[in-house]
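Participant: Produce the complete structure using the sequences and hints provided.
Residue numbers (my numbering), protein chains in the order written: chain X, -17 to 342; chain P, -17 to 342; chain W, -17 to 342; chain H, -17 to 342.
If you're looking for bench data, these hints aren't it; they were derived computationally from the structure.
Any given hint could turn out to be false.
Remember, identical chains collapse to one label, so a pair may be satisfied in a single copy or spanning two.
[To be verified] Simulated crosslink set (DMTMM-like; lysine to aspartate or glutamate; CA at most 25 Å straight-line):
1) K99 - E109
2) K51 - E325
3) K77 - E109
4) K157 - E210
5) K99 - D252
6) K135 - D301
7) K226 - D106
8) K206 - D301
9) K309 - D214
10) K18 - E69
11) K309 - E210
Since this is a predicted model, take the numbers as computed values, not measurements.
4 protein chains.
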Amino acid sequence: MSTANYIIPKTQKAAVVPSVGGTLEIRDNHPVRQPKDLAPGECLVKLECTGVCHTDLHAALNDWPVPAKTPLIGGHEGVGIVVAIGEHTQASPVKLGDRVGIKWLAYSCLDCEPCRKGLEQVCDHGEYSGFTVDGTFSQYVVSWTSHVTPIPKGIESTEAASILCAGLTVYRAIKYSNAKIGDWIILPGAGGGLGHLAVQYAAAMGLRVLAVDTGSEKRDLVLKLGAEKWIDFKETKNLVADIKAATGGAGPHAAVVTAANSAAFEEAVDYLRPGGTLMVVGLPGHGKLTADIFFTVTKSISILGSYVGNRQDAREALDIAARGKVKCFYTVKPLSALQETYEGLAKGTVVGRVVLNMQD
Amino acid sequence: MSTANYIIPKTQKAAVVPSVGGTLEIRDNHPVRQPKDLAPGECLVKLECTGVCHTDLHAALNDWPVPAKTPLIGGHEGVGIVVAIGEHTQASPVKLGDRVGIKWLAYSCLDCEPCRKGLEQVCDHGEYSGFTVDGTFSQYVVSWTSHVTPIPKGIESTEAASILCAGLTVYRAIKYSNAKIGDWIILPGAGGGLGHLAVQYAAAMGLRVLAVDTGSEKRDLVLKLGAEKWIDFKETKNLVADIKAATGGAGPHAAVVTAANSAAFEEAVDYLRPGGTLMVVGLPGHGKLTADIFFTVTKSISILGSYVGNRQDAREALDIAARGKVKCFYTVKPLSALQETYEGLAKGTVVGRVVLNMQD
Amino acid sequence: MSTANYIIPKTQKAAVVPSVGGTLEIRDNHPVRQPKDLAPGECLVKLECTGVCHTDLHAALNDWPVPAKTPLIGGHEGVGIVVAIGEHTQASPVKLGDRVGIKWLAYSCLDCEPCRKGLEQVCDHGEYSGFTVDGTFSQYVVSWTSHVTPIPKGIESTEAASILCAGLTVYRAIKYSNAKIGDWIILPGAGGGLGHLAVQYAAAMGLRVLAVDTGSEKRDLVLKLGAEKWIDFKETKNLVADIKAATGGAGPHAAVVTAANSAAFEEAVDYLRPGGTLMVVGLPGHGKLTADIFFTVTKSISILGSYVGNRQDAREALDIAARGKVKCFYTVKPLSALQETYEGLAKGTVVGRVVLNMQD
Amino acid sequence: MSTANYIIPKTQKAAVVPSVGGTLEIRDNHPVRQPKDLAPGECLVKLECTGVCHTDLHAALNDWPVPAKTPLIGGHEGVGIVVAIGEHTQASPVKLGDRVGIKWLAYSCLDCEPCRKGLEQVCDHGEYSGFTVDGTFSQYVVSWTSHVTPIPKGIESTEAASILCAGLTVYRAIKYSNAKIGDWIILPGAGGGLGHLAVQYAAAMGLRVLAVDTGSEKRDLVLKLGAEKWIDFKETKNLVADIKAATGGAGPHAAVVTAANSAAFEEAVDYLRPGGTLMVVGLPGHGKLTADIFFTVTKSISILGSYVGNRQDAREALDIAARGKVKCFYTVKPLSALQETYEGLAKGTVVGRVVLNMQD
Ligand SMILES: [Zn+2]
Ligand SMILES: [Zn+2]
Ligand SMILES: [Zn+2]
Ligand SMILES: [Zn+2]
Ligand SMILES: [Zn+2]
Ligand SMILES: [Zn+2]
Ligand SMILES: [Zn+2]
Ligand SMILES: [Zn+2]
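Facilitator: Have a look at this one:
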């Protein structure tokens, strides 16, 4: 094992869900896995900060069709420093002292059919931070040298944290949406945590952004971030008609829908331009997408599930942000604010992203 | 106008739906549009035969969300001879005496955005045979020189008729399914009118075909046509599990679903391999596709609406058939059998395709 | 024929090359094809202005492997007003009074295999402005309603003229270069007529532009237009090494090479990143591209011929410019300046593009 | 380390090139790396057989622009059994006793940009069997668990050996050639070691194969293997014209050129259909590809370097062969025949592939 000069404490602060449906506990004395106990390929990361995400809420509530481990430390948007690497690790792409990110996809085998085809996110042997393995709501996290993401210079760790999940998710969705420079993309929820990042990534590629959300604050934000047009869904009398009108009559070429309700998908098939693409990126506990078969066929609509992103997508999303093309709006809080953040997420009252300072 | 030596009668046999929901009438004295009345770009085709299709039934019943013209002559799978071309027609790709096919897409403008991008099927100004314009259930049909499909040598007109709709539809769906040589494709309804053609096109591309249908007759047929595995959906206790097992555990790479019921789509998201593609090709009067959002995303499934095919797809589908790679199973009947054929289609008792002899 | 209120003169000013290798003559009394003599599908355009291009020089010199017509009126970057449409024209996408552009590809059949696949530029029956048919160095030009390009609002005709050839050519090359947001693209000759447009299109898509040219004036220009890095090829001691260094060590992902000398291509295979793409867009009279086979293979380089662009590419290139993302640097001159412009192009002393005012 | 019951000898037979340009020596007492000396991630494979390839000849002669290691054991088409795995190896995809193949690409880091994008062949840290590391002309070879290729059931080891290099190379080239079912592909050298495999892969995908080679023996072979047309290049008076005629006048959609001479590439740009693709797969010591710039552009030709294949390509190529779609013609010889095989390859007198029995 390599540990250089890093002093690794025996215990740490961590937010633990002790059992299925149990109450979140902030503990001071959670054990830290020691360097000598790391397997080959594993590394220990001392976290500076970590974002909080809707996905964490699902993991904590265990309301997905696939169960989370318990006891569980959630969190999958962490940034920190590599302070130990397991002995006998082969050809690690990172070294001690590197600043790295922990993302949702903690591990993929890089060998199965999906991995060989670049679809690491759907690896047959994938591990997921804060879900199948302990995540980043702790001061130290164990991860894999092959999958921690080097953080480029020029970006704050708190900023990078949100890019690692929200930014990555929307970046990949836009990248695979078939939309090209000059094409219209519609972003329902454009003023939200994912949406405001999507506006910026889309604008940076030369897409024309139609932002949909509500309220003048969000309107001003998204127009400043690069959206070309705005529709307040509470003020429109006919959303589909207004969307078509805003995009020259034919409707947008692509939509990135993060919502979990069936209506959002049916509507999208309605307002998309023939040949258009509907990117599906939400991960609700339950929820079906529905679409009219007749119009899906006669409009030749593509409905594409897009799942976070692979290692390359993560590098690209970070690089674009580090070069100043994308800025995240977030608030920094202590780990103790996690429970109230969950409650805010459940109620929909969280503005921007929340990032926890793990060394606080 | 060019008419060479063709003698064009004033009246013809035709099957007419006189009004919305009206009874089909076989008439002997339906007028034939005369060569001098053809607009530039139009041509008159003397039909040898025409296929009958589920789509015609929808047009006749007028049960789609978009209304058909009335009075209506249905039919969109016709093969015949060009016997007149409108005066002042520019650069016609066909000439008098050419054997050509009439397909569902009767006309596209070749100028709008979808047309410029090769998506003629979703042209802003499209016309559809037997739906927005009169079709092939008559002895003479007016169509457009730019869109009639030259029929290659080496294929019977009766065979070509079915390729022009059923063959084209499944050919395009398979072509755009992302499936490559050695990949598994599942074809529910493999023994049916579309399915048995799909089996052959898929096998000709080197795909491994898992055929799903019921009955030993269909089983024998599809295995003979090139399917590698067979599942009788009436005999399986767990269709999804059996499909996965038949394809090495991971599920097929692609599915072509022609059914109209929601369950078929939900099931497909379930059994498809991560990264897999679900081609949607049915055109039910009403019907929603539904899919679990969580699994569509976490399996990165693509759901693609595929609408018949464009002029190039039609050429390819015919060329493959003309070279003997695909054979259609059909029965030839007189035009007077149209009503009973509709009834058979509605009940699901039609085996293979029905082709009407229009000169009978 | 439709002519509305337009008065069409019998004669016009035109620049004519009377015979192969003959001297360019500016004539005052060249006949104008009259509306009644237009074939169906043809239209008459009264030109406001037209760009001058290297291609015109080749056509005038007749030094390509394929001969130009003679006598020849050159020119293929014209903008003007539709003043007549041939009688019996089918479904014209333009109408009298529309402002339209004439581009290199004057006509494609929209029916042959390349056309059906969207490769109109390589149509089996293509016609080329100022090469196989008379072009825009005259006050009136006959073209085809299906291929004149509607000019969007918000762009000057003189600006649009250059986009129709130089802009279109580089836009398509970049669009098909496989380069994505955040990728490096190298543009040798970035400060020239094609290059300075390429810089802007590339930047608008989020590409990182490495501009290569010489002189501080060009340097200042390209950096202002969005290039991120600059190399003066006259000042570098090792161009390949400097290019790699400027792009993080690995070399650019894509190169758009407009030069005609073999060395430029060999060099590109050398400096491109493994997996990189070399876009070939020049049209020299004679000239071979050469590349080391060993490195083309072991670096998996793609070398792609890119030929102007099709109707959709032209719409996109103009739309991007009309929205202010791309500005052309050009000088307006009278038609009488054509010969001196040719001489300037041959000597390489023309700065930016030259646009001729055809109503002067 | 895991060694189970395998007894690993201290020495072995091996063919060694002792120094740059030195004479090949068949040694009986070459040391075998012992299991305890394997690094994590390495494995020891006991070889059954290994193919001999032109590439080995280049490595032995050291006539490439990149030098081979010395002393060198060549060979990169081996099949054998995993008899040891390095201690502390992480998540090995293979286990003791597995039958695996050794291919040209011995190792890629799976982390660099090319690797993350699926271009493992151009990995920044790649290792190549029989070139940068010792290869398969020995009874035991050390390789990497992440890159040895599991050999599917149903294929002889001697057959698999040739698929691992020749088969893989042509399979990938065809797969990336953009040719689709019904398209024409031309295979110069169709009767040779690579060519006869290419014929079969192409036919299995539904491509129409135009085979070019010389002699009635090769003609009979390729027609039996699935070629549709044949041209004897020694008998034709105008190869380009004959190729166009054989493919309906327009030329093939794709060409796979393995030759090293410039003329073969220039010719291909000439005979390919507009929009066609030229796959470059040869690895000559020296040699330039040249192409006319004017026609590369005006025909929109794509020239693509294709370098062996990645892990997924290898699995696919083997799977197709194991299912009986592709058979290799080869002769089995003892290791002592290596030198004479090299001489035969240099002279061009080797028919089919030569496979060495390593346990002989
Ligand atoms: Zn998240
Ligand atoms: Zn995996
Ligand atoms: Zn039909
Ligand atoms: Zn259209
Ligand atoms: Zn030009
Ligand atoms: Zn054409
Ligand atoms: Zn080899
Ligand atoms: Zn690598």
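Participant: May I ask which of the numbered hints given earlier this structure violates, with the numbers listed in increasing order?
Facilitator: none
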